[in-house]
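K.L.:
Using the working numbering, read the first sequence as starting at 502 and increasing by one per residue.
Accuracy of the hints is not assured; some may be wrong.
In silico lysine to aspartate or glutamate, EDC-like type, Cα no more than 20 Å apart, as pairs [to be verified]:
(1) Lys776 x Asp727
(2) Lys963 x Glu1101
(3) Lys930 x Asp962
(4) Lys550 x Glu641
(5) Lys594 x Glu570
(6) Lys802 x Asp787
(7) Lys939 x Glu927
(8) Lys1061 x Glu1101
Read the hints as simulated data drawn from the structure, not as lab findings.
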Amino acid sequence: MDLLHRRKINRKNEAASVELISLMYFYLSPSYIKTMFLEFKKEVEHLLKEALEKASYEYKELEAGLDLEESEHADIASRVAFPLARAYKQPPKIIAADIVNRLEIPAENTLISNAVAAGPYINFYANDFFLHKTLQRIKERIWVAEKKGKIIIEHTSANTDGPLHIGHLRNAIIGDVLVRVLKRAGFDVETHYYVNDMGRQIGVVVWGAERIAFDETKKADHAVADVYIAANRMVEENSDFLKGVEELMRKYEAGDEAVVKRYKAVVKKCLSGIKASLERLNIQHDLFVWESEFVRGGAVKEVIRELKQRGNIKFDGSALLLKLEGIEKELVIQRTDGTSLYTARDLAYHRWKSNRCDRVIDVFGKDHELVSQQLTKALQILGVKAPEFVIFEFVSLPTGSLSTRAGRYISADELIEKIEERAYEEVDKRRKDLVEDKKREIAREVGIGALRYDMVKVSPDKHITFDFKDALDIEKKGAPFIQYSHARACSILRTAEARGFSVTDYDAPVSLLTERSEKELITKLSKLEYVVEEAATALKPHLLAKYARELAESFNLFYKYCPVLNAEDELRKPRLVLVDAAKTVLSDVLHLLGAEAPEEM
RNA sequence: GGGCUCGUGGCUUAGCUUGGAUAAAGCACCGGCCUUCUAAGCCGGGGAUCGCGGGUUCGAAUCCCGCCGAGUCCGCCA
């Protein structure tokens, strides 16, 4: 069907021979592949296999397969000669040369220009058709090949006892970039914030709120933190107070109306402040799920009943302990006084999530790693599929670890405030010509971008010591660097349009783009979806940050070496197309990182 | 004490899953480039026993073992 449809379109358009070849290539592909780079890689694989067969090398037994890699020396390189050298007792150099001799690159319908043996390596290079198709795809904005199913991802989920601090920020930003990447990769994604409204901390805040007035002049979550810190001090000093807190918790769990009302008011107050902070960071959740719902709805009781039936349960008085395979400590799922525990509530939440999607992903701090294992094992007993975890290491301050209770934290708001202020200084210094509002807007976009980039660029399993001076250093190659490249592209396109040049004439001959920086930029552009796929599969958002920086570098080189507006007519056309495509991809990648793509800076 | 993670130029990191081409960037430092589309840019330079020791391999930052250092968890907290 699709094939016929394509053919019809094609008949109308026979003059465009490049397009014809493209469609023929389309049929030859084993299946529709959305990324040009991957398509190129597939073809390399195919030709390489053919050559290996002709030379009677048994590549199938090789563990590493064809050993393809991205390389600085070629568009794709193969190291397959190394393992073959071992198996056939020949120098890898000879084998590589032999393979290259037998390689038959088709005269047409190909993305490969040539292949060269460089010592033991076989280097493959892309041709003009590859470049053309890459730009074409970007123009058509084709990227989603198939629907891949539904994912529920939970991130941030900070306790509602105060504002978000920089530790939560890491969770939120890693989570949010993942959400964006997974959506781009074709998943239907639902984002959850799990509201821990039943914990002791919240009990302390509610208890405190009866005795200490909220400072209404402060942002809601900060006012809650003040009460929490003060109340916590009182409770620590007087054990009678602690009993009061526990009494509240019992009543809340039992559903005492007056208490529930008070709890809701406090949690919502704090949440409103947290939501405001997240919004400034371009982070949104689809659903805020309150853990108490699982208690009152009976889901927790049901989970415990099933675990009693199917799990290895130990009774310690009236408390319930669940023995999990491979884990030393038993998991306590019910207190002696019969009230529920976060573990059981979390199990109920995860079962509920699991029933509503194909994959469950949780973004957790390193301190929750054991919990994540226990969760997996316990869910297994319940017959619920295992969630996937993205575990990130801690953020600490030069003065030590973070603690809301001790008031030792840097709030997200404070950080956002300072970084926007810092960005404003830079904008103001460079752009005296802009009106105040515009300067503020750019400062906000640059500041938030810098902050987000800073948090996401580092691998999640790396411990971070937060340094204010470093975070405020806008000048380094982070988001502003990428945004600047985008602004430069926009600037060229603006001027071009003002002079009456077409910027979207994608039929302009790409074959005129022969400069190294031009080809490298296009090759870079072709890899966005490939990187998205990698980041989505491995759940590693920092891969995207790295790609974004490299893309901006490629664009800056092109910008430096290839004048666009002042090029001759014929050359200007394809260069404008390249700038337009680069702008599109830079903008896309910035949005995937959750940063804005300002048109000028 | 046990589990997990990290340790790469002065500082911050990428690369480690799947071992191969001079270990790749940024910050800082030194030197160059604005009469051409935004210099938040580009080019060049110095600077790394890839924590330490052993092992596997033709080949180890990457795999295995041991040690050292940092973080984190090992609650009827969340």
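K.L.:
If a hint holds in the structure, say so; if it doesn't, say that too.
P.N.:
Verification of the supplied hints:
1. Lys776 x Asp727: holds, 18 Å
2. Lys963 x Glu1101: violated, 34 Å
3. Lys930 x Asp962: At roughly 37 Å apart (the allowed maximum being 20 Å), Asp962 and Lys930 break the hint.
4. Lys550 x Glu641: violated, 32 Å
5. Lys594 x Glu570: This hinted pair holds, its Cα atoms lying about 18 Å apart.
6. Lys802 x Asp787: Given pair Lys802, Asp787 is violated - Cα atoms ~27 Å apart, limit 20 Å.
7. Lys939 x Glu927: holds, 13 Å
8. Lys1061 x Glu1101: holds, 18 Å
Checked against the numbered hints given earlier, the structure breaks hints 2, 3, 4, 6 and satisfies all the rest.
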